[in-house]
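Peer 1: Quick note, the sequences are listed as chains P and B, same order. With this note's numbering, the residue at position 118 of the first sequence is 121, and numbering never jumps. With this note's numbering, the residue at position 155 of the second sequence is 158, and numbering never jumps.
Because the hints were derived from the structure by calculation, they are not lab data. Note that the Cβ used here is the ideal one computed from N, Cα and C, for glycine as well. Do not take every clue at face value.
[To be verified] Examples of chain B residues toward chain P, derived with CB under 10 Å:
| no. | residue |
| --- | --- |
| 1 | Thr-69 |
| 2 | Phe-123 |
| 3 | Leu-135 |
| 4 | Asn-138 |
| 5 | Leu-176 |
| 6 | Ala-177 |
There are 2 protein chains.
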Amino acid sequence: MNPSHPAVHPVEAPPTDVHHAPRVRMKDYQGMPGTLGGLALRLGQFCFAVVAFSIMLSTDDFSTVTAFCYLVAATVLQCLWSLALAVIDGYALLVKRSLRNSLVVSLFVVGDGVTATLTFAAACASAGITVLIGNDLRECDQNHCGKYETATAMAFLSWFMVSPSFLLTFWLLASR
Amino acid sequence: MNPSHPAVHPVEAPPTDVHHAPRVRMKDYQGMPGTLGGLALRLGQFCFAVVAFSIMLSTDDFSTVTAFCYLVAATVLQCLWSLALAVIDGYALLVKRSLRNSLVVSLFVVGDGVTATLTFAAACASAGITVLIGNDLRECDQNHCGKYETATAMAFLSWFMVSPSFLLTFWLLASR
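Just chain P, with the same shape it has in the complex (with noise of 0.2 Å):
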């Protein structure tokens, strides 16, 4: 380069297409932790948990019952953990933070897991047990037939909307 000849000559910017090497990562589907659609998932868990957990109560006689007292201790656990995950993703959504790391999504998977499995089997119990009362006794005039039936779909209602939320999570795990 000639010093006594300095000249500017305007060049082009390199193409900034870097891309910063792009993973293949899967989109955020609705339902996933961290969603909008997730949320709903949580909301829906705990409103139809404490909505089983209610009425189940409200029966004087659900003591004396063992799968009743199950489906009783398995719905207030189902409350808890929905609540929590609820506010979990309330905050994600709130500070736009995604909820990929890795441990806490197989932690979500875990316990989306057991209190799926826990309200499944606390409402599938109860759900045999008022069909014995009601169909093959037919006692249903000196037991709250009515009720057991709503507080045992309530269940199944929970834990069918655990079901998404534990196979996307899992899914999330499996495809990272």
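Got chain P; can you put chain B on it based on the hints?
Peer 2: What follows is chain B alone, placed relative to chain P:
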């Protein structure tokens, strides 16, 4: 080259580590379709479901309780499904063929999910009624409590062996 002076010079073969553009692909975990572990899981599911079915059928009054009839139906379905999958796994092992077709894996996931849910629901309903008869009403002297308990436990064990099949196949589908 001088044609009057032919010579064969031994040359080194080029390195053959061409790798054929290695795709990122998960390895075969034992328990997935087409593995020896998968075949063992299928045979376990089948055996436990057959034992649960046989024990429940050996009680003469199972048909008076809806949940016990449902257990019989669910274990029959589980037997058929697990036997079919065991045959497919055995065939895949014999001809050393990998079961990695997307459609086939999806079918396995749906079938495993449905049969696992049905078997678990039947086991939970039977468990609820068995506990009701044995612990809450204390009428084991008039009922086959031991047989009910054993059949329920076998159904739970069958479900316990379907779950890893379902989770591993779902993992395989998600991580493709």
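Peer 1: Find the hints from earlier in the document that the structure breaks and name them by number, from lowest to highest.
Peer 2: none
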